[in-house]
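Novice: Kindly generate the complete structure, drawing on both the sequences and the hints.
Take a look at the letters that make up each chain.
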Amino acid sequence: MQIETEKQIMSDETNNLLNELTNKDYAYGFVTDIKTDFIPKGLNEEIVRLISAKKDEPEWLLDFRLKAYRYWLTLRMPEWAHLDIPSINYQDIIYYASPKTKETSRHPDEVDPELLKTFDKLGIPLHEQKMLSGMAIDAVMDSVSVKTTYKENLAEKGIIFCSFSEAVHDHPDLVKKYLGSVVSYRDNFFAALNSAVFSDGSFVFIPKGVRCPMDLSTYFRINARNTGQFERTLIVAEEDAYVSYLEGCTAPMRDENQLHAAIVEIVVLDRAEVKYSTVQNWYPGDKNGKGGIYNFVTKRGICKGESSKISWTQVETGSAVTWKYPSCILAGDNSIGEFYSVAVTNHFQQADTGTKMIHIGKNTRSRIVSKGISAGKSQNSYRGLVRINKGAENARNHSQCDSLLLSNTCGAHTFPYMDVQNETAIVEHEATTSKISEDQLFYCNQRGIPTEEAVGLIVNGYAKEVLNKLPMEFAVEAQKLLSVSLEGSVG
Amino acid sequence: MQQYIDFFRTHRQQIDESCAPALNSFREKAFDVFRKTGFPPCPSEDYLHTDVAALLKDDFGFFLNPPGRTVDPHKAFRCNVVNLNAIKHFIVNGYLLETKDNAPLPQGVFSGSLHVFARQHPELFLKYYNRLAGQEEDGLAAFNTLFVQDGYVLYVPEHVILENTVQLTGISGGSSRSLINRRILVILEAGAQAKLLLCDHTSDEKSAPAVTQVVEVYAGENAHLDFYELEESAPEAVRLTGNYIRQAAASRMITNSITLSNGFTRNNYRIDLAGRQAETRLYGMAIADARQKIDTFTRINHLVPECRSSELFKYILDDEATGAFCGKIIVSPDAQRTEAYQNNRNLLGSRNCRMYSKPQLEIYADDVKCSHGMTTGQLDEAALFYMRSRGIPADEAALLLKFAFTSDVIQGIRLEGLRDRLKLLIEKRFRGELIKCQGCI
Amino acid sequence: MLTIKDLHASINGKEILKGLNLQVNAGEVHAIMGPNGSGKSTLSAVLVGNPAFEVTRGEITFKGEPLTECSPEERSCRGIFLSFQYPVEIPGVSMVNFMRTAVNEHRKRKGETPLTAGEFLKMMREKQSVVELDKNLVNRSVNEGFSGGEKKRNEIFQMAMLEPELAILDETDSGLDIDALRIVANGVNHLKRPGNATIVITHYQRLLDYIRPDVVHVLYNGRIVKTGGPELALELESKGYDWLTKESTCSNT
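Residue numbers (my numbering), protein chains in the order written: chain A, 1 to 491; chain B, 492 to 932; chain C, 933 to 1185.
Just so you know, these hints were derived from the structure itself, not from any lab. C-beta: ideal position from N, C-alpha, C; glycine also. Be careful, since some hints might not be right.
Keeping only pairs whose Cα atoms sit at most 30 Å apart, straight-line, the calculated BS3-like set for lysine-lysine is [unchecked claim]:
| id | chain 1 | residue 1 | chain 2 | residue 2 |
| --- | --- | --- | --- | --- |
| 1 | C | K1054 | B | K860 |
| 2 | C | K1054 | A | K464 |
| 3 | C | K946 | A | K435 |
| 4 | A | K54 | A | K41 |
| 5 | B | K618 | B | K520 |
| 6 | A | K100 | A | K54 |
Taking beta-carbon pairs under 7 Å as the criterion, some of the chain A residues facing chain C (in silico) [as the list claims (entries may be wrong)]:
| id | residue |
| --- | --- |
| 7 | K41 |
| 8 | G42 |
| 9 | I360 |
| 10 | D439 |
| 11 | Q440 |
| 12 | Y443 |
| 13 | N445 |
| 14 | Q446 |
| 15 | I449 |
| 16 | P450 |
| 17 | G461 |
| 18 | Y462 |
| 19 | K464 |
Specialist: Dropping the structure here:
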């Protein structure tokens, strides 16, 4: 019991730390002064070809990009979300930017010191001697992967963890087999856009029977001005494999909005499990709603094999606009999908996020826990779909969606869709919306805890069910973020 | 859609002829709206599972002239709801029949034909008619306004309490497929109270009418209205309703809609809680089997502080029935201290039935208590087993559980006679003995 | 230590305290008794600055300095502690985290450095024993799922952690069985220091069997209508409040 307590205190320690941080602004808003290789602004077939050529891609991949681009031309930006987005000029964006280094990016061992410094500053050491133990990292800046750590150690077990571009060259068959197999380029507007112009990202392959010995992590950093980031992540877990994958992201503070449109695809075979955790902290814009990242992400995993499992955990505190629905297709019998989410919006942020659980196999189970926290003048929506297909005997779903309101100028909305086509299914959805309790705040005050700090405590408590699902290091980071994001939201 | 536009153009004179000028005065605007919007597009967020244009695409017949009184509805349709002591009205194919045998009404109360009301009280009519339904450009409401020739009006002046329940029996049908448009307008002035029961039927099991019905309700300050609807129609019948309700301060309203049988039912509810401390209870229940479809769309707007709403919808689906429920609760920025609760519970009884549920909360105020819940599942196996282990046959046990499932909706009815009658009807319905409405007709 | 002069306070515009005077000195234990609705809980709420109550007239000084303008957390850090009649549950926030934040706020105020994890743990273990608090309880969320008795013991545990100069026990005996009552009272007595004072608000004599008051006040209709020694509590126990309330109504007319 005592050990438990001590462990708890250790994380409480950091929890207190963040209260010092509450008075700070967005901490990752700096710009790295590094020469960047840009391609011309705008989007057309030539640009798509240019990106492909820059990456020295095989013909089939260029074809994939062009098909996606042509399809994208026929689409319009979706408007169904509870978001108010000014029109985006897709011709005003630079679709490829890479930090100029002396070496080409094909030799990741010799990374420009300036870049190493940048990631150091973000708390992501890439030097051999300083590398985080127990975690392998793929660091991506703008359109290219800067470095992947522990690659060799992992390779010994047959695990492939590398940048997407490397995977295209080194493991073309695997990429070809799985690329677009979960998120087709025809899936939606942003998926088509990403498929046409995606630049880099991570590729993970865990072979049969291998439990990945460390957490794999990708850190995304937008640095260059006027560029968009379009990364693509593909994770494949073969039979009986296991991996825990983490994703973090930041961007400089800028007055203009920047676009981020990513795709994540996960394929999980028999009895395998993938845990995917995100702490999303893109620049949210300033207090007046100026600037910030537009975050449009398509994340989807398929539990292809029987008894397989995908678990999404996300802490969303950043971005001016978030449009994101990490989903599970539960195709294998007895497969399990989970979605745990904390979404915080403050000032003028807007978030429309949730999940889709598509039950296809028999005895499939899914669980959704969503905690929305709205402050300032923000709008925070949960949107989710639970579908039980005709053949999904004995499917079970339980969803819990709670909203906490911290101001009288924000909005909290819940839009669940439930579609049940099998009579043996049990689908349950509960949602509540409430204000932060005056009684709880006063109780903390009486014990000497100032209101701002009390809010941090109560909000972290409210989100605990989700935070507990994160790996330890990430949980600490997430707790900090929660309090920092809500700075100035009460009073 | 075009067929209706053409029909209106060619038959306008005939439609107008038998109607009060006040009623006709709304058609021009409705025509513009309908030409612009057409029927609500499907699928769209508010009409995901009801394709109005497809439902009304056949060549339906219209009843452009009031029917003669060939049968005495009092003899043909006996209502078996005991102890109701009702003020009875019959609305046949959209036209309210004259009734002479009702007891005299309290001073100032109007209970009768829309058409007569528009003639006798044009100023009141113009003040209220289509003010709620015409607020938004809804193609279905516009369509109804365009063609409607009669319906029912209940007007209760200030502080008058109408003790007796008004029972409105709707009978639709005929030998050919007909399209019936009818309208109900309920105005309760401040402090007034009334209870309205609409029993909706088809003339026989084979008739396949399509009915559009727009209901507008104004509940003044402190007014109380109970509005019950019981639908027992033939398997090919289509009914599309739009209910528009506006409640002033401290008004209380119970709306309870029960579908025992029908072909396709779509019920829209839009309730504006526009005065402080207004309270609304919106309940509904449907038992659907064969290829029945039931689609409910509700939108409760909490416009001012301190209002309460509670919603409960329960469906029991079997065979190839489809159920849909979309419930929106919208809390406006200054509607503090709102309490809003919504529940949708569904039982699926077979392989081929299907349920779509979409509860939604949109909240722009902070001091609120709101929740929604939805479950779709089957009868509790453990309970079934427990009952069987006590000697209750499986079928009977299932029936008891299904019956229990409906009980909280039935308990929401404040007319004892109706409650008792419903219990009997629901049991018969579950036993498959309810071939046609035996009770009411 | 605490001086209250002509205190008037109201909630939602309704006046509850109507000119209350009270003097509590260091080292003293005061009991405030009175029938339901006399204003006992209002007094405790006003002393700790519950924003639901409004002070309309009068003044409160604590250790010579005015209190009425202070925020609730300032009052706490200045040494005023309330054992709540109905402690609130805070889901997800562990007792450890909660108390550690509170203790370090108090230390910050005194210019002391925050406790390290080890020091804090040691302190917790010591103080837990004061109220025989189950070790598992401090690993749970604040008051969540605690029984009535556990909640009250948890209040006294917090009191032990924060070491207040003025402790106010609001109906701490309500809902406690005799064993729990004894444990709570022992805890309170154990924490008594010569420089500290305690205000015990209660409806019944029985808590006062364990916590011996120096002064007993009867609160009625928003005022203190009678003050006496411990014998007054016994007298109230046997005679009830009627004789006093009649007296006070007479004197009012």
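Novice: Does each hint fit the structure? Answer for all of them.
Specialist: Comparing the hints with the structure gives:
1. In summary, the hint linking K1054 of chain C to K860 of chain B is not supported, as the alpha carbons are separated by about 42 Å, beyond the 30 Å threshold.
2. Our distance criterion of 30 Å between C-alpha atoms is met by K1054 of chain C and K464 of chain A, whose separation comes to about 26 Å.
3. Using a Cα cut-off of 30 Å, the hinted pair K946 of chain C and K435 of chain A holds, with the two alpha carbons roughly 26 Å apart.
4. Of the supplied pair hints, the one linking K54 of chain A and K41 of chain A holds, its CA atoms being roughly 15 Å apart against a limit of 30 Å.
5. For the given pair, K618 of chain B sits about 16 Å from K520 of chain B by alpha-carbon distance, which is consistent with the 30 Å threshold.
6. Between the alpha carbons of K100 of chain A and K54 of chain A the distance comes to roughly 13 Å, so the proposed pair stays at or under 30 Å and holds.
7. The criterion of a C-beta within 7 Å of any C-beta in chain C is not met by K41 of chain A, whose closest approach is roughly 47 Å, and the hint is violated.
8. With its C-beta approaching chain C no nearer than about 48 Å, G42 of chain A sits outside the 7 Å limit, and its interface hint is violated.
9. For I360 of chain A, the suggested interface contact is broken, since its CB lies about 34 Å from the closest CB of chain C, more than 7 Å.
10. Satisfaction of the interface hint for D439 of chain A is found here, the shortest Cβ-Cβ separation to chain C being roughly 4 Å, below the 7 Å cut-off.
11. Interface hint status for Q440 of chain A: upheld, as the beta-carbon distance to the closest one in chain C is roughly 5 Å, under 7 Å.
12. At its closest, the beta carbon of Y443 of chain A sits 5 Å from a beta carbon of chain C; the interface hint therefore holds under the 7 Å criterion.
13. Among the interface hints, the one on N445 of chain A holds; its C-beta lies about 4 Å from the nearest C-beta in chain C, closer than the 7 Å criterion.
14. Checking Q446 of chain A against chain C: minimum C-beta separation of about 5 Å stays under 7 Å; hint holds.
15. Here the hint on I449 of chain A is kept, as its CB sits about 5 Å from the closest CB of chain C, short of 7 Å.
16. At about 5 Å, the closest approach between the beta carbon of P450 of chain A and any beta carbon in chain C falls short of 7 Å, and the interface hint on this residue holds.
17. Nearest Cβ of chain C to the Cβ of G461 of chain A: about 3 Å, under the 7 Å cut. The hint holds.
18. Proximity of Y462 of chain A to chain C holds as hinted, the smallest CB-CB distance being about 6 Å (cut-off 7 Å).
19. For K464 of chain A, the interface hint holds, the least distance from its beta-carbon to any beta-carbon of chain C being 4 Å, beneath 7 Å.
When the structure is compared with the earlier hints, violations turn up for hints 1, 7, 8, 9 and for no others.
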